[in-house]
Structure formats: C-alpha cells, structure tokens
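Chemist: Listed below, chain by chain, are the residues.
2 protein chains.
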Amino acid sequence: MKKIKGGVCAAQGFKANGVHCGIRKNKTKRDLTLIVSNVRCAAACVYTQNLVKGAPILVTKKHVADGYAQAIVCNSGNANTCNADGEAIAEGMCALVEKHTGIAASDVVVASTGVIGQPLSLEPIASGMSELAAGLGDHSDFAAQGIMTTDTVDKQIAYSFELDGKECRIGAIGKGVGMINPNMATMLIFVTTDAAISPAMLQKALSDDVKDSFNMVSVDGDTSTNDMVCVLASGLAGNSRIEGAGKDFTAFKRALNKVTTHLCRMIAKDGEGATKLLECKVSGAKSKRAAKTVAKSVIKSSLFKAAMFGADANWGRVLCAIGYAGADVDIKKVDVSFRSRAGELEVCRGGSGVAFSEETAKKVLSEDEIEILISLNDGRGKAVAWGCDLTYDYVKINGDYRT
Amino acid sequence: MKKIKGGVCAAQGFKANGVHCGIRKNKTKRDLTLIVSNVRCAAACVYTQNLVKGAPILVTKKHVADGYAQAIVCNSGNANTCNADGEAIAEGMCALVEKHTGIAASDVVVASTGVIGQPLSLEPIASGMSELAAGLGDHSDFAAQGIMTTDTVDKQIAYSFELDGKECRIGAIGKGVGMINPNMATMLIFVTTDAAISPAMLQKALSDDVKDSFNMVSVDGDTSTNDMVCVLASGLAGNSRIEGAGKDFTAFKRALNKVTTHLCRMIAKDGEGATKLLECKVSGAKSKRAAKTVAKSVIKSSLFKAAMFGADANWGRVLCAIGYAGADVDIKKVDVSFRSRAGELEVCRGGSGVAFSEETAKKVLSEDEIEILISLNDGRGKAVAWGCDLTYDYVKINGDYRT
Numbered sequence: 000m001k002k003i004k005g006g007v008c009a010a011q012g013f014k015a016n017g018v019h020c021g022i023r024k025n026k027t028k029r030d031l032t033l034i035v036s037n038v039r040c041a042a043a044c045v046y047t048q049n050l051v052k053g054a055p056i057l058v059t060k061k062h063v064a065d066g067y068a069q070a071i072v073c074n075s076g077n078a079n080t081c082n083a084d085g086e087a088i089a090e091g092m093c094a095l096v097e098k099h100t101g102i103a104a105s106d107v108v109v110a111s112t113g114v115i116g117q118p119l120s121l122e123p124i125a126s127g128m129s130e131l132a133a134g135l136g137d138h139s140d141f142a143a144q145g146i147m148t149t150d151t152v153d154k155q156i157a158y159s160f161e162l163d164g165k166e167c168r169i170g171a172i173g174k175g176v177g178m179i180n181p182n183m184a185t186m187l188i189f190v191t192t193d194a195a196i197s198p199a200m201l202q203k204a205l206s207d208d209v210k211d212s213f214n215m216v217s218v219d220g221d222t223s224t225n226d227m228v229c230v231l232a233s234g235l236a237g238n239s240r241i242e243g244a245g246k247d248f249t250a251f252k253r254a255l256n257k258v259t260t261h262l263c264r265m266i267a268k269d270g271e272g273a274t275k276l277l278e279c280k281v282s283g284a285k286s287k288r289a290a291k292t293v294a295k296s297v298i299k300s301s302l303f304k305a306a307m308f309g310a311d312a313n314w315g316r317v318l319c320a321i322g323y324a325g326a327d328v329d330i331k332k333v334d335v336s337f338r339s340r341a342g343e344l345e346v347c348r349g350g351s352g353v354a355f356s357e358e359t360a361k362k363v364l365s366e367d368e369i370e371i372l373i374s375l376n377d378g379r380g381k382a383v384a385w386g387c388d389l390t391y392d393y394v395k396i397n398g399d400y401r402t
Numbered sequence: 000m001k002k003i004k005g006g007v008c009a010a011q012g013f014k015a016n017g018v019h020c021g022i023r024k025n026k027t028k029r030d031l032t033l034i035v036s037n038v039r040c041a042a043a044c045v046y047t048q049n050l051v052k053g054a055p056i057l058v059t060k061k062h063v064a065d066g067y068a069q070a071i072v073c074n075s076g077n078a079n080t081c082n083a084d085g086e087a088i089a090e091g092m093c094a095l096v097e098k099h100t101g102i103a104a105s106d107v108v109v110a111s112t113g114v115i116g117q118p119l120s121l122e123p124i125a126s127g128m129s130e131l132a133a134g135l136g137d138h139s140d141f142a143a144q145g146i147m148t149t150d151t152v153d154k155q156i157a158y159s160f161e162l163d164g165k166e167c168r169i170g171a172i173g174k175g176v177g178m179i180n181p182n183m184a185t186m187l188i189f190v191t192t193d194a195a196i197s198p199a200m201l202q203k204a205l206s207d208d209v210k211d212s213f214n215m216v217s218v219d220g221d222t223s224t225n226d227m228v229c230v231l232a233s234g235l236a237g238n239s240r241i242e243g244a245g246k247d248f249t250a251f252k253r254a255l256n257k258v259t260t261h262l263c264r265m266i267a268k269d270g271e272g273a274t275k276l277l278e279c280k281v282s283g284a285k286s287k288r289a290a291k292t293v294a295k296s297v298i299k300s301s302l303f304k305a306a307m308f309g310a311d312a313n314w315g316r317v318l319c320a321i322g323y324a325g326a327d328v329d330i331k332k333v334d335v336s337f338r339s340r341a342g343e344l345e346v347c348r349g350g351s352g353v354a355f356s357e358e359t360a361k362k363v364l365s366e367d368e369i370e371i372l373i374s375l376n377d378g379r380g381k382a383v384a385w386g387c388d389l390t391y392d393y394v395k396i397n398g399d400y401r402t
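Protein chains in written order, with numbering that gives the first Met the number 0: chain A, 0 to 402; chain B, 0 to 402.
If you are wondering where the hints come from, they were derived from the structure by calculation, not from laboratory data.
Distance condition first, Cα-Cα at most 20 Å in a straight line; then the derived EDC-like pairs of lysine to aspartate or glutamate:
| id | chain 1 | residue 1 | chain 2 | residue 2 |
| --- | --- | --- | --- | --- |
| 1 | A | 331 | B | 84 |
| 2 | B | 361 | A | 399 |
| 3 | A | 332 | B | 84 |
| 4 | A | 246 | A | 163 |
| 5 | B | 332 | A | 84 |
| 6 | A | 332 | B | 86 |
| 7 | A | 361 | B | 399 |
These stretches of chain A come out as covered by chain B in the derived footprint (C-beta under 8 Å, 3 or more residues):
| id | segment |
| --- | --- |
| 8 | 42-50 |
| 9 | 114-128 |
C-beta atoms are modelled at their ideal positions from N, C-alpha and C, and glycine is treated no differently.
Required output: the full structure, derived from the provided sequences and hints.
Modeler: Now the structure itself:
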C-alpha cells in the first residue's frame, strides 16, 4: 500500500471542487463542495445515531437506498437541522446539482455542517453552483476546505493498493473538530475509490470499519446531528468486481482502514482548541468490547484531558476513568504507561502508583502526540481510541460559536 | 420547615471541628475534620459505583455494616486511593479517633478526598488529632472547611422540622467541585439529625433520596473514586422512633430532601471554574427515567456548557444533547425555553427554532443561575438536573492540579 496525492480525486473517474458561495460570512472561507464521478458508483453510508437528524441525512438515505450514487454536495456554515423546511432545501441542493452537471438529483448524496436551527436559504447555493460545477477538476484541497467549520487544517489522504493484479486507489476528505463522539458513524467523511465492489460488500466494509475507526474518536463527548460517512466506488480500476468475502475483500478493507484511521488521527489532533493528540491503547481486556469501553472512557474524561493539556502525569484520573467506564475490569491488575517521541514512562503497576521522575514526565507529556498504554492483564481484548486535550481554546471557540 | 444555623452541629448531640494538620501544603487551609455524637447513631451511607474505590470507603463499609456509627473523620488533600497500604492507613485514622475521643474505632466513618495515587502518611493526622478532638464544639464551619479541595465556598445547611409533635433538626456539610458525576452516590456529604429513626429506614430514606438529588448533579462527567454520602441520626429529638413507612417517614424524607437539594445546587454552582448554575427541568417525558436521562444529558454536554459560559442562546446544542441522550423522545414535540431572574425566553417549539431577540437572550443568559426548561409533550415524567458552565478556569484548575 502506498500513500499518494490527490485526496478524493486520486481514484479514477472523480473530480471535485469547493467555492465560497456566501453561507459563511467570511469571504475567504469556501463553504460549498461538490464531488462527482464520471460513472454511477456503488455507494455506502453510515449516519449519526442521534435522534435529531439533519435534513440532509434523511434525503441522502432516500437517494442511496438503491445502492448507487454519482455525486456528493455539501455546504458548511449551516447544518440545515431543526428547520421546518429542511428536507425541501436539501432536495433543492440536489436539484441544483442535476441542473449544472446532468447527474440525476436522486443520485446525489447531500450533507450540511454548521450551526443547528438556523434557516438555510437556497439562494447562495444557487448562485454559487455554476462556478462550482464549471471548476470541477483535480481539486481535492478546495473540496476539503469547503466542508470545514472550525477545523484549522483541511483533511485529506489517499492510498494506492492492488486488487486482483490491478492498481486501485482510495482517497478521502473529512471535517470535524467539535460535537464529536461518534455513535455508529461520525463527522463528515467522503471516501472515493475506483475499486469495483458491489454496493452490499461496500456497505459491509464500511459498517465493519467504523466500529474500530470513527466510532473510537471523541473530541467532546457530543454526538453530532449531522454525522455521515459516505464511500463511492466507481469501479474504473478494472479489477474483477468484489461480490463476496475473500482475499480481495480483505485487501479492500485494509486499504479502507488505512484511510479511515489516518482521518481519525487528523480529526482528534485538530479537535477544537486541541494542542495534543491522545491515543489510548488498551490490551489484555476480557473482551474487545471491554477494551473499547475502557479506551473510550479514558479519552473522554474531561479531567484527564485537562491534565494532558497541562502535561501533568495525573494517572489517578486514568484509573478513575477506567473504574467508571462500565467494563468488567480487575483494578488490581491494571498497568499504565505514557509514551511519546520523548520516551516512555511507567506510572502505575497492579493498580498502585510507581515512583517516577516528574522531570521525565513533563518531557514525555510535552510532546504533541501522547500514547496512553493500558494493560488490563486479564484477557486478550484490544482497542485503540483517539481524542485530544481540553484547553482554554475549546472553551473560547464554543463560548460564542454562533455570533 | 425552617432554615436554621449550625450546619452539621444543628442537631442535638453533635459536635464538630476542623484543623490544619499538614496534609495540604497551604497552612491557611484546614485539612482534617471530625464530627462526633454524644450517643451511638443509626447510620446510613451510599458510595461511589466506580470500580476504583478509595480505601476509606472499604473501611467505612465494614464499620457501618451493623447500622450504627458515632463519629466521622475526613481529611482533604489526599484521596488515599490506589495506594497499597490504603486500608491500613484508613483504619489507623479511626484508631486515632478512638484514642482521642474514646469512641470505638469500629464506630467511626472514615473518608478522604484529594489526589489519587499518592501515599498518605498517618503522621500529620496523628499530630493534629489532639488539637482537633480538644476543639470539638459548635464548629460546623471549620468542619466544612476541613473537607474542601478546590471548593471556593464551604457548604453547609440546616433545617428544623416536626415529627410526632417534637422539633427535630437536620443539617449537613458537603464538598465537591470536580470529578462530579455521581452514580448511586456522590462527592462527600455528611448529614446529621437528631430524629429517631431505625438504621433500615434511614438507609431507605437516603437511598431513595440520592436518586433525585446527588445523582442528578454533574460538574464534569467524571465519577469520583471517593464519593460518599453519610447520615447519622442521634435520636435525641425524642420523637417516637421511625420503624416503617408512614406520615413521619414522609416528613423525614421531605426534610432530608430539602437539605440534599440545597447542597446539590451549592455544589453545581461551585463547580470547578464555574460562573453559572444550570438547572435543567424536564417535563412531559414518557417516564421519569426518560426525563432524568434527558436532563442529565443536557447538563453534561460540554458544548452546551461552553455556550452558557458565553451567554450564547445556542439551543441547537440542547436539541443535540436530547437527541443523543438515549431516551425515547419525539423530537418534533420538543419545546425549549431559557429562564433566569432577568426573564424567560422561548427558543424552540415543536423541534424547530422560534425567532427571538439576541439582546433579550444575552440579558437572560448573563445571570448566574439559569434554568433550561424542556417540555417533551409526550407524557408525565419529570426530572431536574444540576450542572454548571464550562470555563477557562475549569481547564486552568485541572491542567495542573497535582503540583
């Protein structure tokens, strides 16, 4: 597998663009993104489990019900959620795509991200669409920028891999920095590939993958109303189409996971106000489920996140979060270490503290990527969760987000 | 029912004191508290459900297993948790109480609060105990100060009420500002009363009460390892002893609830870094359980808490937190208003936004006590939860708590 350039345009058959159409006040910020394929694609999606669902999600569900789609349109600056006319607006966005590209509105995936509960007007979208469609090309970066809200960096990645002797490509863009605690799906992630795969197997690959990737990320414990992960597979790589389990399906899943895990790390590291990526690796759990529960609990603890911001090796907060996680754990067997580029520091063995140098601790925890290694010594269950520190800037960003 | 002075010393038969013995570095901070009764008391406790339990909790459970106790000793500055010798130290604290007061060590409730995972030495406790015991008197304030950690105010309250024609008194002290998300018990709360009541009925009253009081408070979503609520009932008021359900038991429960609810509000308002008390009142839920789930979810949302800090009427975050709460809610029926001393503001009706004046919103949300009123319009279930805003100071306090 090889990292390549091009993000969402790396796979054969895909073009993308992003423009500023006027939904966001700041004119330097792109706020409308379009991704199109030359051919109809097998399509798979997973969505937020929040009972409050953005109108675009309801419309997308209808459009991909047959397993196929050919374009993705997404705006930032407004979530089009909790609005009485939300579904009509989302359908209107798809109709505009049809008007300017010829792709049937019913083959368009639509998404929105931004403030909840503010009416979204079609006007800026209608006026921006011709520039957006006319400029379609190798512009994954513009597309990635068009879906950003408080993200500080655009998020894209692509890999090439081999299936059935044919070179395939898979790439993605993503956004998400706050209201992130996915439950069966997450933030906005658009993946494109030229591998040939049936809609059913594509959906299976995606549904399996999110359990260990996006569902293991938390920035602030708030599950968004507009989360969506969508994969489009054009089939243009020419491999023999994946119709069931087997070697090719495994290879495809591995490539998909490479892309999704990369985005998980990028999203956690760019968490609102974050200065540090926290990667919690749990091993030795009674079950995989228990390992995931423990990893998520540690990564979500406000107290632990604040301690990491302060580079304070307050491991008692790790133990505390393990204890209230709700998993079956024998606290007397728990070992904990912190690790970063600067070294590794053992802080707890068998549930009790180990003497350590505060100076070393500061050094290890002052890096911008910290691993929290937890051995439960009670089985073979393993899991990884990604999060970030809790900082002044998280409060600042969210104390006045609307205005 | 009448509010009276005296806190934990208001009830007949109780004396208290608090001193600085040297566990905390700051010499102006009391760090050791003792409450004693003239007579053996019916005793009831509830404890944290965290799998990591402070050593004092394990010792206290043994000491109150027979339903009786006569003293409470508590230190701040060190949680005596995750220490290999923790139980021996906690037993040592009880033995010191016996030595200086004559009350059997097995009748002593012991508690600790502070940093987890740092060895606690008996030395300062042994040297402070004679001053502490010699100074026992009407010193609820000293006792309340001796259990504070990052609390900014000491927390005490007392009421008088009538049982069986006799005047009774009930009072309490409490601490807790961070690591607060009680699960079956909470922070440290010590309640004393002179009502006569059997240990079994006292336990029933307390266990019922915490479900609607302390278990509905959240400061940061972290369930502490050392939470404990303890009630001692001396029986000195002379009422005929409560042995079962009935009018007197109901009156006692009402008085207990008055005290616990008062402390819930004090604890939430003094949440680490908090500038505002948030009181979320949910009505019209399909069940009481659903109402509680929704109220807790809103009060715990980091995004909503940050918006309240910024006096930003971002009601979409309330809807979002209702949506992911996990309760059976019909979002299309949800109404939301904000209320404070400055007025009431409707922001959402039937799941969609209502136009409102941003100026009025700022005025309503700039007060220091905010009610979030949620009508689910789908049944008769009701609940109240208490929380606080998320501020820069929460991050500051917890970024470097140990050092």
